[in-house]
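Going down the list, the sequences are from chains B and Z.
With this note's numbering, the residue at position 400 of the first sequence is 829, and numbering never jumps.
With this note's numbering, the residue at position 262 of the second sequence is 691, and numbering never jumps.
I should point out that these hints are in silico values taken from the structure, not numbers from a laboratory.
Keep in mind that the hints are not guaranteed to be accurate.
You can't tell identical chains apart in this list, so a pair holds if it fits in one copy or across any two.
Unchecked claim - DSBU-like mimics (lysine-lysine), calculated; alpha carbons at most 35 Å apart, straight line:
{"#": "1", "residue 1": "735", "residue 2": "949"}
{"#": "2", "residue 1": "755", "residue 2": "480"}
{"#": "3", "residue 1": "970", "residue 2": "517"}
{"#": "4", "residue 1": "964", "residue 2": "434"}
{"#": "5", "residue 1": "517", "residue 2": "964"}
{"#": "6", "residue 1": "517", "residue 2": "434"}
{"#": "7", "residue 1": "601", "residue 2": "964"}
{"#": "8", "residue 1": "530", "residue 2": "517"}
{"#": "9", "residue 1": "965", "residue 2": "735"}
{"#": "10", "residue 1": "783", "residue 2": "964"}
{"#": "11", "residue 1": "949", "residue 2": "904"}
{"#": "12", "residue 1": "552", "residue 2": "891"}
{"#": "13", "residue 1": "434", "residue 2": "601"}
{"#": "14", "residue 1": "970", "residue 2": "735"}
{"#": "15", "residue 1": "480", "residue 2": "904"}
Read off the chains here:
Protein chains: 2
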Amino acid sequence: MRWLKSCIPTLKENPHEAEIPSHRLMLRAGLIKKLTSGVYTFLPLGFRVLKNIERIVREEMDAIGCQEVLMPILHPTEIYEESGRLDKFGPELFTVRDSRKRLFALGPTHEEVITMVARDEMKSYRDLPQCLYQILTKFRDEIRPRYGVIRAREFIMKDAYSFNEDDESLDKTYRDMEAAYGRIIRRCGLDFRTVEADSGYIGGSESHEFMVLAENGESEILSCECGYGVNLERGTAREGGEPRGEERAVDEPYEEVETPGMTTVEEVAQFLGVGPREIVKTLLYCAGERTVAVLIPGDREVNDIKLAGHLEDAGAVRFLEPDEIKNLTGGPVGFSGPVGLPDGIDIYADPLIKSHASMIVGANRADTHLRGVRMGRDFTVTRFVDLVWAREGDPCPVCNRPMAQSSGVEVGHIFKLGDKYSTSMNATFLDRDGTGRPFIMGCYGFGISRMVAAVIEQHHDKDGIVWPMSVAPFKIMILPVNVTDETVMEQALAFERDLEDRGIEPLLDDRDVSPGVKFKDADLVGIPLRLTVGKKLREGKVELFFRAERRIEEIPVDDALERIIRQIGT
Amino acid sequence: MRWLKSCIPTLKENPHEAEIPSHRLMLRAGLIKKLTSGVYTFLPLGFRVLKNIERIVREEMDAIGCQEVLMPILHPTEIYEESGRLDKFGPELFTVRDSRKRLFALGPTHEEVITMVARDEMKSYRDLPQCLYQILTKFRDEIRPRYGVIRAREFIMKDAYSFNEDDESLDKTYRDMEAAYGRIIRRCGLDFRTVEADSGYIGGSESHEFMVLAENGESEILSCECGYGVNLERGTAREGGEPRGEERAVDEPYEEVETPGMTTVEEVAQFLGVGPREIVKTLLYCAGERTVAVLIPGDREVNDIKLAGHLEDAGAVRFLEPDEIKNLTGGPVGFSGPVGLPDGIDIYADPLIKSHASMIVGANRADTHLRGVRMGRDFTVTRFVDLVWAREGDPCPVCNRPMAQSSGVEVGHIFKLGDKYSTSMNATFLDRDGTGRPFIMGCYGFGISRMVAAVIEQHHDKDGIVWPMSVAPFKIMILPVNVTDETVMEQALAFERDLEDRGIEPLLDDRDVSPGVKFKDADLVGIPLRLTVGKKLREGKVELFFRAERRIEEIPVDDALERIIRQIGT
Numbered sequence: 430m431r432w433l434k435s436c437i438p439t440l441k442e443n444p445h446e447a448e449i450p451s452h453r454l455m456l457r458a459g460l461i462k463k464l465t466s467g468v469y470t471f472l473p474l475g476f477r478v479l480k481n482i483e484r485i486v487r488e489e490m491d492a493i494g495c496q497e498v499l500m501p502i503l504h505p506t507e508i509y510e511e512s513g514r515l516d517k518f519g520p521e522l523f524t525v526r527d528s529r530k531r532l533f534a535l536g537p538t539h540e541e542v543i544t545m546v547a548r549d550e551m552k553s554y555r556d557l558p559q560c561l562y563q564i565l566t567k568f569r570d571e572i573r574p575r576y577g578v579i580r581a582r583e584f585i586m587k588d589a590y591s592f593n594e595d596d597e598s599l600d601k602t603y604r605d606m607e608a609a610y611g612r613i614i615r616r617c618g619l620d621f622r623t624v625e626a627d628s629g630y631i632g633g634s635e636s637h638e639f640m641v642l643a644e645n646g647e648s649e650i651l652s653c654e655c656g657y658g659v660n661l662e663r664g665t666a667r668e669g670g671e672p673r674g675e676e677r678a679v680d681e682p683y684e685e686v687e688t689p690g691m692t693t694v695e696e697v698a699q700f701l702g703v704g705p706r707e708i709v710k711t712l713l714y715c716a717g718e719r720t721v722a723v724l725i726p727g728d729r730e731v732n733d734i735k736l737a738g739h740l741e742d743a744g745a746v747r748f749l750e751p752d753e754i755k756n757l758t759g760g761p762v763g764f765s766g767p768v769g770l771p772d773g774i775d776i777y778a779d780p781l782i783k784s785h786a787s788m789i790v791g792a793n794r795a796d797t798h799l800r801g802v803r804m805g806r807d808f809t810v811t812r813f814v815d816l817v818w819a820r821e822g823d824p825c826p827v828c829n830r831p832m833a834q835s836s837g838v839e840v841g842h843i844f845k846l847g848d849k850y851s852t853s854m855n856a857t858f859l860d861r862d863g864t865g866r867p868f869i870m871g872c873y874g875f876g877i878s879r880m881v882a883a884v885i886e887q888h889h890d891k892d893g894i895v896w897p898m899s900v901a902p903f904k905i906m907i908l909p910v911n912v913t914d915e916t917v918m919e920q921a922l923a924f925e926r927d928l929e930d931r932g933i934e935p936l937l938d939d940r941d942v943s944p945g946v947k948f949k950d951a952d953l954v955g956i957p958l959r960l961t962v963g964k965k966l967r968e969g970k971v972e973l974f975f976r977a978e979r980r981i982e983e984i985p986v987d988d989a990l991e992r993i994i995r996q997i998g999t
Numbered sequence: 430m431r432w433l434k435s436c437i438p439t440l441k442e443n444p445h446e447a448e449i450p451s452h453r454l455m456l457r458a459g460l461i462k463k464l465t466s467g468v469y470t471f472l473p474l475g476f477r478v479l480k481n482i483e484r485i486v487r488e489e490m491d492a493i494g495c496q497e498v499l500m501p502i503l504h505p506t507e508i509y510e511e512s513g514r515l516d517k518f519g520p521e522l523f524t525v526r527d528s529r530k531r532l533f534a535l536g537p538t539h540e541e542v543i544t545m546v547a548r549d550e551m552k553s554y555r556d557l558p559q560c561l562y563q564i565l566t567k568f569r570d571e572i573r574p575r576y577g578v579i580r581a582r583e584f585i586m587k588d589a590y591s592f593n594e595d596d597e598s599l600d601k602t603y604r605d606m607e608a609a610y611g612r613i614i615r616r617c618g619l620d621f622r623t624v625e626a627d628s629g630y631i632g633g634s635e636s637h638e639f640m641v642l643a644e645n646g647e648s649e650i651l652s653c654e655c656g657y658g659v660n661l662e663r664g665t666a667r668e669g670g671e672p673r674g675e676e677r678a679v680d681e682p683y684e685e686v687e688t689p690g691m692t693t694v695e696e697v698a699q700f701l702g703v704g705p706r707e708i709v710k711t712l713l714y715c716a717g718e719r720t721v722a723v724l725i726p727g728d729r730e731v732n733d734i735k736l737a738g739h740l741e742d743a744g745a746v747r748f749l750e751p752d753e754i755k756n757l758t759g760g761p762v763g764f765s766g767p768v769g770l771p772d773g774i775d776i777y778a779d780p781l782i783k784s785h786a787s788m789i790v791g792a793n794r795a796d797t798h799l800r801g802v803r804m805g806r807d808f809t810v811t812r813f814v815d816l817v818w819a820r821e822g823d824p825c826p827v828c829n830r831p832m833a834q835s836s837g838v839e840v841g842h843i844f845k846l847g848d849k850y851s852t853s854m855n856a857t858f859l860d861r862d863g864t865g866r867p868f869i870m871g872c873y874g875f876g877i878s879r880m881v882a883a884v885i886e887q888h889h890d891k892d893g894i895v896w897p898m899s900v901a902p903f904k905i906m907i908l909p910v911n912v913t914d915e916t917v918m919e920q921a922l923a924f925e926r927d928l929e930d931r932g933i934e935p936l937l938d939d940r941d942v943s944p945g946v947k948f949k950d951a952d953l954v955g956i957p958l959r960l961t962v963g964k965k966l967r968e969g970k971v972e973l974f975f976r977a978e979r980r981i982e983e984i985p986v987d988d989a990l991e992r993i994i995r996q997i998g999t
């Protein structure tokens with residue numbers, strides 16, 4: 430391919446809208462062009478990377494026996510009514526009416542469509558397991574599209590769906606898929622963690638995300654040397670075994686302490702000469718018709734996603750307003766506590782507070798706290814539920830070593846769906862006993878366009894992208910320093926021809942621009958090998974530049990071809 | 430690939446909704462599954478054909494130097510306002526609003542998006558010519574989706590766009606593309622015609638369609654042995670040179686003849702003892718504010734598409750109502766004529782009537798015609814314009830031999846756009862003189878999903894599909910007649926392994942169903958070669974069946990692999 434006629438519009442300056450390296454570099458290296466917020470064209474270089482990733486994904490899906498299909502983008506919304514999922518999507522679902530006023534969604538994910546295929550076409554346990562996948566553009570009306578292709582409104586995803594006869598078979602497919610995802614990400618040259626994750630609106634009993642480690646990743650994860658990992662959103666806070674709270678005699682009653690104007694944990698702890706962990710925070714929420722008091726250790730924060738999950742049936746969750754708190758407890762904000770709350774208020778407590786021998790809590794009265802309060806004796810917990818954010822240093826649930834926190838880009842997400850869709854959509858097969866049973870399903874997403882950005886997040890330097898060989902748009906580029914020098918250009922074209930004859934397509938920079946511009950652009954687009962044909966040609970030599978190491982080898986012209994082929998082969 | 434776990438849901442019965450062979454067979458052979466009207470899933474077998482066609486298209490596009498890109502599906506409608514095309518699309522455009530109420534179209538074609546890329550990224554004549562293409566799902570809200578994937582609402586198209594510096598360069602790209610399309614269609618094993626076509630809402634100065642000949646094709650074409658072809662909609666009616674009409678002295682006035690109750694050409698011709706070609710029909714239309722009388726030979730029909738094109742500026746075209754005709758001409762329907770029409774009525778005549786020495790026309794009075802009317806003397810034609818349908822037997826405009834009419838499926842359409850989009854969207858480059866000039870553009874569509882149906886239209890028999898080797902989902906299938914016979918099954922699996930080792934993926938029918946079902950299904954899905962492993966195995970033989978010729982070769986087991994490889998290689 431020749432640079433001049435190939436639409437590779439490099440930019441000298443960093444585009445102001447790009448906040449993270451991959452977004453900046455995808456725009457600067459001419460991989461993508463924005464059409465509108467969250468909607469991009471992949472230009473020739475970007476498209477080639479996309480195709481390389483697609484190829485790797487296909488090979489690994491085929492290797493575990495998945496069959497490729499292509500489902501439609503237009504989904505009649507009736508199918509979401511059937512699965513009961515229409516409301517769950519909310520405003521992120523793009524919808525369109527046809528000329529007969531029938532409503533369609535632009536497919537964000539395809540559980541319903543594929544379940545309809547299985548319902549009609551897979552009749553017997555003999556047909557199972559089956560796993561069908563596709564690579565298709567998906568749509569989500571992100572409220573705040575950002576980070577280029579990482580959070581786009583139109584993006585390319587591989588989605589696979591398995592139909593199994595039982596949980597054991599599903600587990601096998603799930604493990605096969607997990608292993609295949611690992612191979613895909615490693616083949617793309619990336620370091621990653623597999624983490625436990627929430628199932629979100631997809632649903633199901635178990636799910637894992639595949640996080641490519643990246644400083645600017647949107648997702649936070651906790652992971653342990655033992656291999657365990659969890660999405661921070663979902664991690665359960667755990668602590669070492671020692672009990673907290675002051676040692677007091679069991680029958681020693683709590684005492685009132687004056688804490689004038691102290692509404693924060695830090696102020697109270699400092700004033701009373703204890704650690705914040707000794708204090709238990711009481712937060713008051715309203716969810717639909719219900720009022721809930723939430724108890725967590727003073728040094729932790731409530732994870733709103735978890736809380737909303739626990740109160741899902743009640744309705745949207747919000748903090749009580751100051752006047753509501755005053756009316757309810759008698760005290761102002763900052764002095765709420767679990768002792769003496771009116772009837773009808775549920776008390777949800779994080780299990781972490783079980784380790785408190787005694788605790789300091791608000792007194793539901795201005796400028797007053799209670800010290801030496803005991804759970805069970807002075808108040809009753811309605812439910813113990815996981816409520817707080819886990820954090821770096823929390824012990825690993827597998828091996829108890831402290832976990833580390835890191836950022837990542839989520840490139841894959843797999844789910845055990847069980848019979849969620851097959852039951853609601855009445856999709857059954859005849860099992861070995863001849864009775865109809867719902868399929869046990871799994872679904873498996875992988876972000877193809879997002880992966881392009883993930884690769885760059887892990888593979889770039891101050892000069893530009895540093896493509897791994899496996900996904901690079903070209904494995905080698907030929908850079909004739911001066912295209913008006915006939916000898917140089919003839920040699921460059923000879924290399925192009927020879928490489929093509931050997932099945933390697935090079936990128937030839939045939940632009941008549943200064944060497945400075947050419948070298949800068951070459952660094953920016955980051956082709957792994959660069960063959961420079963320049964002044965040294967008079968001495969019968971060319972330069973082979975290794976982009977990742979920034980290392981130069983001087984090579985006799987006649988040896989160059991074999992040297993390159995050897996390098997690409999490895 | 431194994432049949433049992435691959436979702437190949439064959440049907441015994443013809444689905445009632447399918448009107449033509451390709452639609453019937455795509456459903457029956459389990460290539461596609463309908464989600465809703467005009468919206469289909471490609472199942473594994475259908476998907477493999479799609480991929481084969483895509484591969485051939487890619488190879489031919491790359492071979493003529495096109496670069497592949499991927500543009501978005503969501504198009505902000507502002508870009509159509511810029512090109513002036515928003516109204517032209519009409520109700521076939523699917524539109525969707527995002528959560529901020531901004532309007533998007535689902536891309537039916539991508540001239541605007543690519544012109545924006547060129548406007549920003551191609552600066553100089555040195556960057557030209559460039560041709561960018563993509564393979565992407567497109568959307569059109571067809572009022573009446575039909576024929577399966579042939580007229581679908583969601584379909585896969587290859588669209589290419591060229592940017593040239595002048596007409597000469599465009600012409601070269603256009604010819605390259607025309608040749609590439611020919612190679613694509615021939616590689617898919619199809620007989621086709623290239624025909625002159627209308628540019629429709631795409632616009633531009635020249636366009637050609639590529640018609641795969643098929644009895645049930647939606648398009649009608651006229652073509653000549655010399656290679657010329659034209660879409661019937663656009664063909665110009667021509668006739669042999671001899672003059673028509675009765676020979677009369679130049680100064681002999683016309684005469685009134687009584688034609689009681691005769692409102693059709695046939696009745697008048699028979700009554701007067703002349704051929705229908707001697708009569709000239711006068712049809713009265715209203716277009717917006719204008720009234721137009723249309724004159725055509727009695728044995729021809731008005732082509733409404735052409736008439737509407739000529740009157741495009743005036744407004745929608747309709748016939749005058751009987752009472753309007755009476756008020757205007759004084760005569761009833763069926764007796765209109767060009768002589769003595771009131772002022773202000775334009776007379777449009779097809780050039781064919783120039784060959785009439787004299788003519789018989791309606792008298793604008795009940796039961797009366799005029800005989801011996803002369804154009805120029807008795808009435809004046811406002812404009813001669815091409816108005817009638819061409820038909821089989823009309824002489825070829827290139828070589829004058831009579832043309833034949835046939836049906837076809839339009840699989841490709843190429844257009845010379847000129848500066849239509851670049852001027853309206855202000856997309857310019859710096860030419861050799863350093864002045865800014867609009868790009869000269871071409872665009873080139875090819876229907877990928879439609880091509881699957883076109884192949885079947887030309888390649889099927891009463892038993893099912895007969896795939897050409899180049900696009901077949903599998904080149905060979907292995908059919909163990911009885912999978913419970915261990916010897917048979919072992920040999921079948923050995924063939925599967927050996928073929929895979931040689932880089933050929935076979936389809937293995939591993940179902941435990943009757944031989945009758947297996948053979949019937951095998952005929953239906955139409956894999957070119959079928960290796961039957963059955964009773965003859967005891968004699969050390971297997972059968973190789975050639976689907977197209979329905980020919981069987983008995984082959985010693987040990988020779989089978991090489992025989993197959995030789996066959997596939999040819």
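Quick one: which hint numbers does this structure break? Sort them smallest to largest.
1, 2, 3, 5, 7, 9, 10 and 14
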